[in-house]
Amino acid sequence: MKAPPFAYRRASSVADACALLDAHGGSARILAGGQSLIPSLNLRLSQPELLIDISQLAELRGIRVSATEMIIGALTRHADIERSAEVRARFPALADAARQIAHPAIRNRGTIGGSIALADPAAEWPAAALAFDMRFTAVSTQGERSIAATEFFKGLYETALLPGEVLRSIHVPLPAAAQRAAFGELTRRSGDYAIAGAFVTASVTGGWLGGTRAAFFGVATRPLLAARAMRALDGSAGDAAAVAAARAHLEADLDPIADLYNSRATKLHLAGVLLARLVARLAAPGG
Amino acid sequence: MNAPVPGLAPTTYIGQDTPRANARRLLAGRGQYVDDLRLPRELHAAFVRSPHAHARITRLDLSPARKSRGVFWCGTGADVARAVSPWVATLTHFKGMKSAPQYAVAVDRATWQGEAVAVIVAQTRAQAEDAAQLVEVEYEPLPAVTDMETALDAATPVIHPDLGDNLAFTRGVDTGGVADVFAAAHLVVEDTFRFGRHTGVCLEPRAITADYNPSENQLTVYLANQAPHMMRDIFAKHLDIPEANVRVIARDVGGSFGIKVHVYPDEMAIVGVAKLLGRPIRYSADRLESMSTDIHAREHRVRAKMGVDRDGRITAIEIDDLTGIGPYSVYPRTSAVEGNQVVNLTGAAYDFRHYVANLRVVFQNKTPTCQYRAVGHPIAMAVAEGLVDHAAQKLGIDPAEFRRRNLIADDNYPYTSASGMKFEALSHHACLDKLLALMDYPALRAEQKALRARGIHRGIGLAALIEVTNPSAAFYGVGGARISSQDGCTLRLEPTGWVTAQTGVTEQGQGTEAMIAQVVASAVGIPVEHVRVITGDTDTGPYGGGTWASRGAGIGGEAALLAGRELKANILALAGVILNRDAAGLDLRRAQIVDAATGEPVLPLAEAARIGQYRPDTLPREFQPQLSVTRQFGQRDWPFVFTNGIQASYVEVDPDTGFVKLLKHWMVEDCGTIINPLLVDEQLRGGIAQGIGAALWEEVLYDADGNLKNGTLADYLVPMAAEMPDMVLGHVETPTRSSELGAKGAGEAGTAGAPGAVMNAINDALLPFNARVTEMPFTPERLLRALGKIA
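Residue numbers (my numbering), protein chains in the order written: chain A, 41 to 327; chain B, 690 to 1480.
Where hints are given, some of them may not hold.
Think about it this way: if two alpha-carbon atoms lie no more than 25 Å apart in a straight line, the pair counts; the simulated DSS-like pairs of lysine-lysine are [unchecked claim]:
#, chain 1, residue 1, chain 2, residue 2
1, B, 1398, A, 42
2, B, 1138, B, 1398
3, B, 926, A, 42
Per label pair, the in silico range of CB-to-CB distance [to be verified]:
#, chain 1, residue 1, chain 2, residue 2, range
4, B, 838, A, 49, 34 to 42 Å
5, B, 846, A, 145, 43 to 51 Å
6, A, 146, B, 1000, 54 to 62 Å
7, B, 1402, A, 195, 45 to 53 Å
Computed from the model, here is a short list of chain B residues facing chain A with C-beta under 10 Å [what the hints assert, rightly or not]:
#, residue
8, 701
9, 977
10, 1404
11, 1407
Hint data in this document are derived by calculation from the structure and do not stem from the laboratory. All C-beta atoms, glycine included, are put in the ideal place defined by N, C-alpha and C.
Modelling step: build the complete structure from the supplied sequences, incorporating the hints.
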């Protein structure tokens, strides 16, 4: 299949991209890594009039660490994150997750900003953003603003980004000493979208869980924090009884929807299995 | 006596790992696939396809598309029908079979989602697709027949009213008295097996460029295809062009698996439009079109039972097979073959006499189905092997031991199965013994037991198999299909002493050309590097059937052997005249004419060839060297030359998630004489991978209205490298006596046995849970349901 006709502009700067977005209203789309946009064009599922290519903007690419946070440029490739020693040292769960995104060829092109701005409900990064309480910086010709991940994912492919805004960077708070994190996903083949996936983070002090965050992807129309299940785990040792109590809340927390191969019941069951396994890893001595 | 001159020993490439000559070219990106071809004045086509599974076309307006940029021509089904006559796909040996006339482009009514309803021709493919979007079609949706279980119900609409019902074909086998045998059985096991509809997924999609030259009424079709001569006959018939004026060229073909051996309406449309317009027209199916228009296969529901006596011997098998084939039987091989194979092959590895089989083949509003790698075998094998393991488990007999008691004895041939299949010579027990040794079966069972105690649930599954190969005319010719069951090989001695070989069997990536080169080099007595093989051109090569039904090596290889021997005899006759020696005392070894007794070189082949081509004036007047030969071969001793083998799968099931991990796979098979062990092993491995795909991942999903739900490779799951287990292969060689070469086919045995082996392994792992699965693919959800983890 061939894409329908479209115009193409390579942005010379983030400001240039924002100006182009303003000039073309809703008929323009930002092209970053292209790993979702190009297939959707070729399948003629979307027909933008203009693609604004930001892929050459070096200012948007890279990982750096401040005193309080890790800042990941929106154009940073999945593969960059996968190979980053900084990410591996401070957020091993994110490094693990990067390796599970699709296949190497896709990871070499696809970007974290693209993944978050698209908000595919089956993608890893949006859920990671919830679990690690990340914030996003968006810029437009009007200036810039910071958006909490918890306020960002509104629905199926729907985000808090406004028309004219470009996602610039992702901000990950540096973990406290006691924070642990675990990532897991269930895919039938390596590289597939997960039937269910999750990130669980918590501070583990003397074996007790606190500030637990459990973010799921692939189960609903958007990534979700399982709020009731998180509360059920807080203050527990992540033992079987606590996990069983937490699992009992997942249906209300996630309200899973069926996909092509998996019913709501399967999704719910697998989300529960995943939660149990990730909590076990968190709570394990030395986890 | 003088000291012996170092002589040349006879050498052969048969049985040797020989790298294929075309691998370097293909890996270098220098293949010549249809899409690589550029012709002057060519135009690109795109199709408007029905979004409905079943709908009447009430209005079709091409005028907006005609005004679109770059558009050259637009046509409806009626327009294309001016050039291409419709067809009906039945064969006379399938008694009572029926189907409806099918047009290249739908006329008035679309019968599956994806059927072409209009064709657009433009300067570029993108322009053609842009214009296709502008075509205005109004549809009146009609009720879609999707569930094969209700396709024959009185309340279900009949897709083709002229046919009276939705039954395309039915066949029964009854050896008599079977009910009594079941009544007397010590044990009867019953299961219902379901098989997901799937498709072949070639790396290279279907592709065609058709070029019609009105000045000579000459049609040239460049086609990704397995059977060029079959297509030539069909193009000639349905475009009303003399067959001799039709040339079909299939150069490099990027995978086929049976997908590219059928008549596709969109390809017929391309040829028809090329004739109408007198300009080259090109078209490649994109992936979505491939998923909705390449033939599908394997949608079956089989109710089956097996009777067993007190000693664990099979006494009877009964099956009821229901299969849905889409709205039309596919031309010209028909869509009855798969179900027919299930009837023929179920249980046929085993020694039992009482058999009942009933087959119903029904129409539905889904993509048409037809022959795909290992046609019917994976279903027949999984049904029998599932029943065998079920019975063994109920009797408390080890599955390997149960097979030992029931597989046809290796000294009991020729043998005719309860279903009527004739076996020349099989080696089930030798293969079983070798397999059990290869996998160290007792140790594996011990490991399984030890791990089970630790909550790790592994399973071992066996699956014996037979495979239809080297078919005679019994497959198609006797039913009236103009598909050759013989094949030819033409050899030409070049003045350099090299040999150019042309064969009717075709190359789709499996190494046909390498195989032919090895046979020719061995038969003639020259280095394999001195043989150049040309395939896939109906204008220049010998007439033949092509490559399907695992016939390339067994039929095409034999023709190459016979041709090679004759060319060698001709060369030796020439050498005898040149040397003034008796040709009977000469031999040809490694491109040297040698003294047959001592191996002493007496004349380089190149010198003999030079004289034969350039200096016949130096030869006696009555001697004319014959430096080109053609030999044909058709297998006539048996309807099919069966092969056999056995596979084993070792899996780990996660009872919490329902996930299956493939740990290892073994296969021992007997394809007779092995020409190239590397290529045979590649065939087995690839075949196993495709069979594993059926067991674990592949299924074309439709909703109740006949909408295809997984038309991309993100949603339709093919087996991929990361999930493949190590495969350990072994061989037993029982050459067929129906040919000099003794080679049988090897292309489909892997696919035939793998699904049953994986199913049995999963069920073996599930034994402690009293759970059992018989519906492929074995998704996590299906396992979780069997385990009672979800409702």
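Hints versus structure:
A threshold of 25 Å between alpha carbons decides the hint, and for residue 1398 of chain B with residue 42 of chain A the separation of about 21 Å falls inside it, so the pair holds. Among the hinted pairs, residue 1138 of chain B with residue 1398 of chain B is inconsistent with the structure: their alpha-carbon atoms are about 41 Å apart, more than 25 Å. For the proposed pair residue 926 of chain B and residue 42 of chain A, the alpha carbon gap of about 34 Å is over 25 Å, so the pair is violated. One distance hint, 34 to 42 Å for the beta-carbon pair residue 838 of chain B and residue 49 of chain A, is violated here, with the actual separation near 55 Å.
Under the hint 43 to 51 Å, the C-beta atoms of residue 846 of chain B and residue 145 of chain A, about 46 Å apart, fit the expected range. Remark: the range hint 54 to 62 Å for residue 146 of chain A to residue 1000 of chain B is upheld by a beta-carbon distance near 57 Å. Our hint of 45 to 53 Å for residue 1402 of chain B and residue 195 of chain A is violated, since their Cβ atoms are close to 27 Å apart. For residue 701 of chain B, the interface hint is violated, the least distance from its beta-carbon to any beta-carbon of chain A being 43 Å, above 10 Å.
Satisfaction of the interface hint for residue 977 of chain B is found here, the shortest Cβ-Cβ separation to chain A being roughly 6 Å, below the 10 Å cut-off. Taking 10 Å as the C-beta cut-off, the interface hint given for residue 1404 of chain B holds, the closest approach to chain A being about 6 Å. With its C-beta approaching chain A no nearer than about 9 Å, residue 1407 of chain B sits inside the 10 Å limit, and its interface hint holds.
Consistency note: the structure conflicts with the earlier hints numbered 2, 3, 4, 7 and 8.
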